[in-house]
Structure formats: structure tokens, C-alpha cells
Amino acid sequence: MTAGAIGTEHVDDAGAPDAPRPAQARVPPRPKKRKITLKTILLFTALGAVTLVFIYPFIWLLSASFKPQGEVFDNKILPETFTFDNYINVWQQAPMLLWLWNTIFVTVLAAVAVTISSALVAWGFSYFRFRGRNFLFGIVLATMMLPGAVTMIPQFLIWNNLGMVNTLTPLWAQNLFGSAFYIFLLRQFFLGLPRDLFDAAKIDGANNWTIFARVAAPLCKPALIITLIFEFQAAWTDLMRPLIYLRDSDKFTVPRGLKSLLDQYGFGGNWHWEIVVTASVITTIPMIILFFLGQRHFVQGIATTGTKG
Amino acid sequence: MTATTAASPGAPSDTSALRAKRISRRRNTRAALLFISPWIIGFLVFTAWPIIYSGYLSLTNYDVINDPEFIGLDNYQRMLEDPKIRLALWNTFYFTVLQVPLYVMVSLALALLLYKAGRSAGFFRTAFFLPKMTPPVAVGILLLLLFNGQDGLINTVLGWVGIDGPAWTTDPTWVKPGLILISLWSVGSSVIILLAALQNVPQEMYDSARVDGANWWQQTFKITLPMISGAIFFIFIVNTIAAFQTFTEAYTAYFGAGNTTYSNDAALFYVIYLFQQGFEFLNMGYASAMAWLLFLIIMVFTAVQMTISKRFVYYEGEQR
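So the protein sequences, as listed, match chains A and B.
Mapping of the first sequence onto our numbering: residues 1 to 309, in sequence order.
Mapping of the second sequence onto our numbering: residues 1 to 320, in sequence order.
Isolated chain A (complex conformation):
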């Protein structure tokens, strides 16, 4: 599924109220026979127009990536001269496959590491009652408020002392220690599980680890998936840390590589916007695919963080 495929669908019947998904639980039931009133028409016209605004940049980008150099800016939906050359050129100009591989390597490790570690910590905070628990959890929450700028430089110095600058390690290894936001999110889910279940497992002879791994974690699967895909997205789209930690272009992630392509072909006279545009498409498409695979989880996760926070 590509951005364009979705996009065109939207343009054609932007106002049509087709419902690809079942209704939300709390949406009031609609009357059986719906009268098409002026209000409805206005509502869907407005929604269609907004949808167009949101989707059109994708269409524009995708279409521009198939246009030859001179026509990138012509603002036509369909390329006048359709060409695949840009994709071939990007592959020749930049180690795109290597960048993609680096990015996948970092994002998968980052997402898996943060999910496992945050789940362990969240479980520790939700299942056990011990002295200092609230105090420690207060610190977890407080760290969410701390701007990244404060810790950015010392963290760099730590990795620098470990000789890890210009490697991919700093981009994911900190995730082995959990992340405040996910600890908070997962703790909310763990707290929602019935305690009787754990007591029952305990009576059956399960130890703490078994209760966590065999009983609690499987029940929290939706929340764990949310954590995985949130972090995957965060790691994939990050630019600042790759800017700080990566030096050589064979270490770059795709966003970092895209920035270097922009510096090379977008600024400074050497104009090849078609290459920048095409690399943008390549950087974005994996995220679009991720979104469609995990759509339900995204929506659920975001709604949870916002309304129960």
C-alpha cells in the first residue's frame, strides 16, 4: 500500500460517507433511514475538503518522485513524463539500502528493548507494594517533564567515552533501561488487570517471574504492541540523535541520509530536487505501511494517553 493509492481513493470520493471500520462504541446509534439533509452535505463537504488538505502533500510528493528534473514543481497531479529514473538515481547517488538496513536495525532493537524493559519496570511498580514505591514512581513521572536538552550533552559524553560515537549503539541501547512514558502507559494497563488472577497463579505455585511472563504480560499484549509501534515510529523518524551520533554516511539512518541529500541536492546550487523528493518518499513509505498495519493500536494508544493521563 502506498501513499498514492490511499490518496487517490480520497480524492475521488472525498465526501462519500463510506465506513471502512465499525462504529466506535460510544457513537450514538444512527436512525435506520438517514435523511440526506443540507447539514449532512455541508458536513461531509467540509470533511472532504480537510481530508484533501491532509492527503494532498502525499500525492504531490509521490507524483513528483515520478517526474523528470524539470517538472518537479509543475504541480500537476499526474506526471506529464512518467519516469522511474529518480528511484534508480537515488539508489546510485546514495547508499539507500544500507541506510534502510541501519534504520531497521536501530528501530527494531530500540522498540524491542524499550518494550521489554518498560514492561518489567511497569510490572515492578504495579504488582508489588514496597516502601518508597510512590516516591520512585514520582521520579519516573518527573523525568517525563525534563527537556531532552539538559541530558543531551552529558549523554553524548558518556557514549563518547565508551568509544561508541559514530556507531548505531547510542541510538537504541539506552532503551534497555526503559522509558518513563512507556513505563507510565504500561503500568496503567497492569493496574487494570484483576489481582485475583495473580493470587490464583501464586497459589498454583507460580513465582514472580512466571506470574509476570505467563499471566500478566500476555494479558497486556495490546499495550505492549502500542509501545512497540510507538517506539518504532519514534526511532524511525528521529533526526536529532543521528545528527549528534553519526558521522560517516555509511552509518546513517534514512532520515539522517535524507537530510544529507537535501544539503547536497537541495541547497548550495547543486539542485536535484527530484532526488530529494524521491528519497523523502522512500523515508516515509515504511511509516505509512506501519500505520496501516497498526492503525487500531495507534488510535487506542493515543486515545489512552490523552484521556486517562
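Wrong hints could be hidden among the right ones.
Claimed, not checked - Some but not every residue of chain A turned toward chain B, in silico, with C-beta under 10 Å:
#, residue
1, I55
2, L61
3, D74
4, R133
5, T143
6, M145
7, L157
8, N160
9, G178
10, Q233
11, L243
12, T284
13, I288
14, T305
What the hints assert, rightly or not - Heads up, simulated DSS-like pairs for lysine-lysine below, C-alpha to C-alpha not over 30 Å straight-line:
#, chain 1, residue 1, chain 2, residue 2
15, B, K222, B, K116
16, B, K21, A, K202
17, B, K84, B, K176
18, A, K202, A, K221
19, A, K76, B, K176
20, B, K310, B, K222
21, B, K116, A, K39
22, A, K39, B, K222
Simulated from the structure, these hints should not be mistaken for laboratory data.
Since we're looking at a predicted model, the values are computed, not measured.
Each residue gets a CB set at the ideal place from its N, CA and C atoms; glycine is no exception.
Model the placement of chain B on the given structure of chain A, informed by the hints.
Frame of chain A; chain B shown alone:
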């Protein structure tokens, strides 16, 4: 793993029940600490130590190569006199003060529209959320392309209605408005939060209001907005903190190697300048001092917002 089987109540030795209880509690604490140990280690190494060290660095001159040289409060003194700090602060405030209210209003308007769409909301919600998946680097590039002063799509569209659009990406007056506009493209997650909040408002409240003859405006301002004020406030706070730290889109579009064509002062946001000082000019001490000022500013703004919100935000009694 080593968190021994806590199920050992069947071993009452000669000790009192009280002692057994104490032992079990200690075991319990040990098991808990084992589970949260990744966070404790991570906190000490990657948060607590960096905070202390950053505080120390802010009192030094440090270029990574030579040892830090203690200079007292000179970095803070220098910040007072640095015109670029003033510029960066001004740009950042300008962006935050305009962007955050706009962002909240747009997401609120879209959420209200979506709520009305009923069953089809899911379809449109998907469309609204997609931009949020676009890597910020790509958003920065889209900004350069779509807001281009000559052939950009935005100005072409404006041209249709007879408006001669500005040079968004090169005219210093229009650089920040352009950045604000494109940031509105990613309101998707806020829309989802607000829609979820709207759907949680009990339908009966509207029903009884309608019986009492309340019109749409009255329902919106007397029921809807107060009932979702918690979610609105959440979005306000989170976005203010994010806006103060805005970096990637502006950095992509206006800074970096090879970019000598633009006068980019108009896009010099605080974190961009901090990044430049720390990692491009290697003034790690100065950058650390800058980080502390940012921290202070964010704390003050958040505290003010929290205080103000106490008057306006309604929380359901049973929640937390």
C-alpha cells in the same frame, strides 16, 4: 527470576508470625527492586548523572578535546549579552504563542466535525492522522517545496483566488508563519485524543439539555467544552513543551551543511542554537547553560498553565 517463590507460607518455623511477615515483605521488596532495576540503573546513568554533570558543565568551558575549565557563572553572564540568544528566544516565543493556540483550535474543530460524522469518523480520522506518520525531516522538505515562493503549491492555490502569496521560505517575515502552518498538518494525534474525549461525554447530558431547549452553541459551551477540558488542557501543556523544543522541521529546512543561501535567522529556534553551540561549535559548557535556561522557562510556563487550568478544567470525580 531470582525473585524466589514468594509462595512459602507453609514453613512456619519456631519464629513468630510477625517475623515471617517481615521476611516475606523484605523478599517482596527485593523482587520489586529487581523488576524496576533497569529503570533505576538507567535513571542513575542516563538521567541523574547527566543532570548533575550538565549543571557542572554549565560552569565550565568545554570543547570535548581539552578538559573542562571552570569559569564560574561566565556562561550565564555571556548568555545575557548574546544577541543570538535573544533572537532565538524571541523566535521560540513567537512560534509557541501562535502555534499552540492555533494547534488546539484546529484539532478541536476537526474533532467536533469528526464527532458529527458518526460512523464515518474512522475513515476521516485515518486521513487526518497520516501526516503524523511522516518523518519530520520529510515535513521540513515538504515545507520547502509546497511553500516555495515562486512555484510552490500553496502560492499557486492562493493565486487562484487572486492572492499574491509571500516568499514563505526566504522572506524573514514569513518563515515562522510558514513553519506554524505546516506544523498544523500534524494535528492528527490531538484530534484522536479530543474525539475520544468527546465520545466519552454522556449522551444523556445532551438529551436533557435539548429538552430544556438549549441550542448548539449552548450545548457546546456549557456541556461539551467543560466535559473535555481535561483533554484540551493535556494537549495544551504537551504542545507548549514540544513547541519550546521545536527543532527538526526548522533545522531541516533552514540549517545544515551546504545551506548558505538562506538568511536563516528567522528560523533560529532555541534548541537549534543550543544544538549548534554544543555540537557544531563544540561549546559544550555554554550549551549546557542554555539547556538549564530552557528547563527553567518550560517549568515556569508549565506551572503557570497548571495554575490557570485549576479554574477551568473539570475532572470527573472518580478519576484518579
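30 Å Cα cutoff - pair K76(A), K176(B): holds (27 Å)
At a threshold of 10 Å, is the proposed contact between L157(A) and chain B supported by beta-carbon distances? holds (7 Å)
Can the hint on L243(A) be confirmed by a CB-to-CB distance to chain B that is less than 10 Å? Check passed: Cβ of L243(A) comes within 7 Å of chain B, closer than 10 Å.
Taking 30 Å as the top limit, are the C-alpha atoms of K116(B) and K39(A) close enough? Holds, at roughly 10 Å.
Using 10 Å as the Cβ threshold, decide whether N160(A) counts as touching chain B. holds (7 Å)
Hint status (Cβ of T143(A) to nearest Cβ of chain B, threshold 10 Å): holds (6 Å)
Please check whether G178(A) passes as an interface residue: C-beta within 10 Å of a C-beta belonging to chain B. holds (5 Å)
For the hint on I288(A), just tell me whether its beta-carbon gets within less than 10 Å of chain B. holds (6 Å)
If you draw a straight line from the CA of K21(B) to the CA of K202(A), is it 30 Å or shorter? Cα-Cα ~17 Å, so holds.
R133(A) was flagged as interface toward chain B. Is the shortest Cβ-Cβ separation under 10 Å? Since the shortest Cβ distance to chain B is 7 Å, the answer is holds.
Between K222(B) and K116(B), does the CA-CA distance stay at or below 30 Å? Status holds; Cα separation ~18 Å.
Pair hint outcome, K310(B) versus K222(B) [Cα-Cα no greater than 30 Å]: Holds, at roughly 17 Å.
Violated hints are absent here; each numbered hint is respected by the structure.
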